[in-house]
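Novice: Sequence:
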Amino acid sequence: MIAVQFGVLGPLAVTTDAGEPVVVPGTKVRALLADLLTNRNQVVSADRLIDDLWGGDAPANATGALQVRVSQLRKALNDAEPGARELVESRSPGYLLRAGGVDADRFAELTRCTDVDRLTEALALWRGDAYADVADADFVRAEVTRLAEQRLAVHERLAEARLARGEHDLAAADLAELVSRHPLREGLRAVQLRALYAAGRQSEALDSYADLRDRLADELGLDPGPELVALHRKILEQDAGLSAPPKAAIIRNSLPAQLDELVGRAEALAELRTLLPRQRLVTLVGPGGVGKTRLATEAARSQSLPDGVQLVELAPLPAGDPRVAEQVLGALDTRESAGTSLSAADRLAAALCHRQLLLVLDNCEHVIEPVAELVARLLRDAPGVSVLATSREPLGLTGELLWEVPPLSVPEDGDLDAVRRSAAARLFAARAAAQQRGFRLDGRTAPAVAQLCRRLDGLPLALELAATRVRSLGVLGVVDRLDDRFRLLTTQQRDVPPRQRTLTAVIGWSWDLLDETDRLVLARLAVFSDGCTPEAAEQVCRTDLDTLARLVDRSLVVLDDSGVGPRYRLLESVAAFCLDRLTDAEEVRGRHAAYYTELAERADPLLRGGDQQRWLALLDAETANLRSALVHGGGLRLAIALSWYWYLRGRLTEARQALAMPDPEHESRAAAWRVGFALLQGDPIVPAELRAALAGDPDGRGAWFAATAVIDHSDLALASELLPTAVADPWTEAAVLSSRAKIAHANGDQAALEHAATRSAALFASIGDRWGRLQATEWVGGLADMRGEHERAAALHREGLRWAEELALWPQVCSELSWLAWLAVQTRDYAQGRELAERAYQLAVEQASPSALVFAEMSLGMAARRDGKLDVAVAHLTHLVEQGRAETQPALYLPMILVELGYAVEQGGDPDAALALHIEAFEAAVAIATPRDAVNTLEGMASAVRSPEVAARLLGAAAAARLAAQAPAAPAERDDTDRVAARVLAALGRERFDALVAEGAKLSPGEARAQL
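If you count by our numbering, then the sequence shown holds residues 1 to 1012, one letter each, in order.
Worth double-checking, as some hints may not be accurate.
Said to hold, decoys possible - Under the rule of at most 25 Å between Cα atoms (straight-line distance), these lysine to any residue pairs were calculated in the SDA-like manner:
(1) K234 <-> R151
(2) K28 <-> R40
(3) K869 <-> D912
(4) K75 <-> G7
(5) K75 <-> G10
(6) K28 <-> V102
(7) K869 <-> Q889
(8) K28 <-> Q42
(9) K869 <-> E887
(10) K28 <-> G7
(11) K28 <-> R85
(12) K234 <-> D207
I should point out that these hints are in silico values taken from the structure, not numbers from a laboratory.
Taking the hints into account, I'd like the entire structure generated from these sequences.
Specialist: Shown next as C-alpha cells:
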C-alpha cells in the first residue's frame, strides 16, 4: 500500500512515510478527508458525502462539486507521494479511502496491551482532541466521542498499571488533572483514591471521595456507586490490601528498551500475547537471524505479572556449559550466601517458588540439554513461573508449545504496491532509510528491493545487514553483489553481538553445533533447488529420516507441508554457506541428475492418464530441480522425458532449448519433438526437413505432435499427410483423431468431424486423460456450433473451461473462454460475449499465447461490430487481418475476419471497399480449402455488391450451400442476411427477388463468385 500516514488524534494531519507534511488545501477538502477517514476502508455514498459537506446548502451541481473536491484531495496526496491518488478509489455508489496508516488504528493496537510502556506510547499519539479542526461537524461527532472515551479508559488502565508497578506518586500526579476535567467519572476517582492512599496521602484520598459525593448529589441527585463506597470504607479502615507492596517485592522488567520499530510482526505479536498467559512453556524456534529474540522481547513486554519479566541471555555461555542456573541467578541478582550447600538449581527453585513472573531464556540451542533440565525443574517446583524460550531447536519437554518464527513475507514481483505490502521490504526500507536519509521505496527502487528480499529469504538479520551497505553501494549495488553475500553482509555496529555481525557468523553458529554426519547431509541438501521430497533427500544425500528430522529440529532445514507433499527446504543463504563446504559435489550432483531423470521418465506416461493432475503438480513442484538436473547430467534423455510436460505447461522456449542439446544416442527420439516446438514458435515449414525428423520417431507421439503444429500454419493437407496412420497405443490414436477433428472442422466436413471428435473423446475418457478429453470436447462443441446447437455447444465448452482451470492449462482456458464468447456473440448476447472475450484476451496476453490472442480478439471485434461499435470493431479486425495476411500461407482465421471486417466497412458506408474484402476472403477460403468459410463470403458479397440482382443470386447460392452442408446460420449471422435480404427485396419486389434467389440456389460457390 502507498505509504501515507493519517493523523486524526488532534487536528487532521497527513504525512508521507518519510515524515514530510502533506498540505490538504481548503476547508471542504479537509472535511471530505475527515469524512472518508471516519469511514476508512469502507465505501461512502456520494449522496452522504454531499449531505455531510454542504447539508442544506448544497450547490446546484452537487455531484460535480464533490468530484472537484475529490480531485483536489487526490492531487494533494499524489503531489506529496507519487501514486497516492490511488488511495481514494471511486467505488459505486461513492468513494473509498484505503488508509493503512492511521494514528487512531495504531492507538487501538497499542491499547490491547497492559504494560506501562505501551499504554504511555498510545497516549503520546494524541496531539489534542480528535478531529479537532472539524469536530463540530455532525458526521464526525460520534467518532470523536468514541475516541475520547477510549482515551479516558486508557488513562485509567495506565494508572492501574502504574499502581501494579508501585509507582503510586506518579499515578496520583497523572490523575489529578484528569479528575479535575472529569470530576464525575467514578472509574478515575477509584484509581485516584487507591493511588493517593498507597502514596501515604490518606486525607487527600478521603477529600477526593467527599468531593465526588457532593458533586453527584448536587448535580445529578445520585450517590456514589457501591464499588466506590466499599473502597471508601477500606480507606477508613486502613485495609492492608490497599497498601503498597514492599520495594523488595517489585521486580522491574529487565527487557531492553525498544530502539527501533519491530516491522512486519503485528500478527505474530498478537498471537503470542494471547498465548503467553495461557501456556507455561513457549519456545520460539527458527533459523538464525529470523528475529526470535526481538519477537520474544516485544511479546514479553506486553505481559503484566506481579513479579515482572526477566530476560536471561544464554549466548555468552560456551557450547554445552552446564551453568545455566547460575546465569539465571545472576540475571535475577540473586546472590549465594556464605555457608550454603545448595546447588544453583536448588537455589533458583527456592528463589522462584513463590514468584509469579515470566522468564525469557534467549539463545538456548548451544546449551539445550542443561536448559531443558532446568526448565523442567522450574515448571515442576515453581508453579507461578512461565518460560518463553528462543532456540534453533525445541527443548523437547512435555507441555512445550513450539512456535515457529517464519521469515518475513517477501514480494512476489517488483510492483510498487506489492513491495510495500511485503513485511521484508518494509523492514529493509526502514533500516536503509536510517542509514541513508534520502533512501525511498518507490517505483525505481522497488524491483531491486523485491529481488533482494527474495534472495535473502525475508530473513530479518540478513535484510538489516544488507541495509547497512546501501549508503556506500546503493540498493542496486547491494543486489548486484548478492552472489558474494558472505563478504557483503557484515556490519561494524558496535552494539551488535559478534555472532550477529556477519551472515557467515549467524549460520556458522548453527553449523558448529552439528556433528560430522549431520554436516555432510546438510551440505548435500544444498544441491537441491527449491527444496526436495523426503524420498529425494534420502536417495541423493544417502541419509535417513532421523537425520533429516534432527536438521529440521535445529532450524537449518525447513519442512514445508503446504504443497502437494512435504518438502525439505534450505534458506538461500544457508544453501550458499553449505555449498562452499560440500566436499563430494560431483558425485552428489550425479545422483541428483539420475534421480530426476528417472522421476521424469516415470511421470511421462502418467501425464496421459487419470493421475494427470497429480503428476502435473508433482513436476511443477520440481521445476527448479529438473532444470538443474538438465545441466548436470540429465541431458537430452531428460529433455525428451519432459517434452510433454513442457507442452502442457506452455514452456515452449525451455523445451526447444533443452531438446537442442547434442546426444547421438537419443537424437532420433528428440527430432520430432524439437521440430514440433519450433513450428509452435512460428518457424517456417520446410517439408523435407520435417519428414526427415518424423521418420525416426519410435512411437508416433512425436510425429503426431509435429503434425498437429503444422495445422496452426494453415497447411491442412500437409498436416493430414504427416499424421500417423498406424499407432501403438490408445492415447496416440485418440490424439491423432483429435487433430483430424480439428482439420475436419476447418474444412467444414461434418461427417469426418463427428466421427473423429466423438471417437477421440471416448478414447480419452476411457484412458482418464482430462487434457485429451478437453481437446476432443472442443471439436464436439465445434460440431454442435456448426449445426446450430448453441446451447449444447456452450455446455460442452463450459465443461472444458472447468477442466482447463483445474489442470492450470491457461492457454486452453483462453481458448474455452473465447469459444464461449463466440457462442454468446452468435446468439446475440453481445455484452456477455465482450466480457468473456476481454477475460480471454487479458489472460492470453499474460500467457503470451498467440493463437489464444487471435481467438479472443476475433470475438472482441465481432461483439463490437454486432453491437454497433464500428470503430472498435474495425480496429480489432484490421489488426487481425494484417496479422493473417503476413503469414506465408493465409491463416485459417483470415477468411472469417475479412468477412467480418467487410460487414463493418459496408455498415460504415463504403460498400466498394467492403466488396473487395469479401472477394479476398473467398479467395483465401479457396486457397486453404475451407468451404464453410466460402459460404460466409457469399453472404458478405451480397451485402456490398451494388446490383440487387447479383445480391439476390449470391444469397440464394449461400442458402443452398448452407443447406447442403447442414450448417444453418447462427442468430447473429441471420441478422446480417435478413438485413441484406430486406434491402434487396425492397429493390426488386417479391416475385423478382424469389426468382433470382432460386437461380442462385443452382450455382456452386465458385459460380456464384463469378457473378461479380
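Novice: If you test the structure against every hint from before, which numbers come out violated?
Specialist: 1, 7, 9
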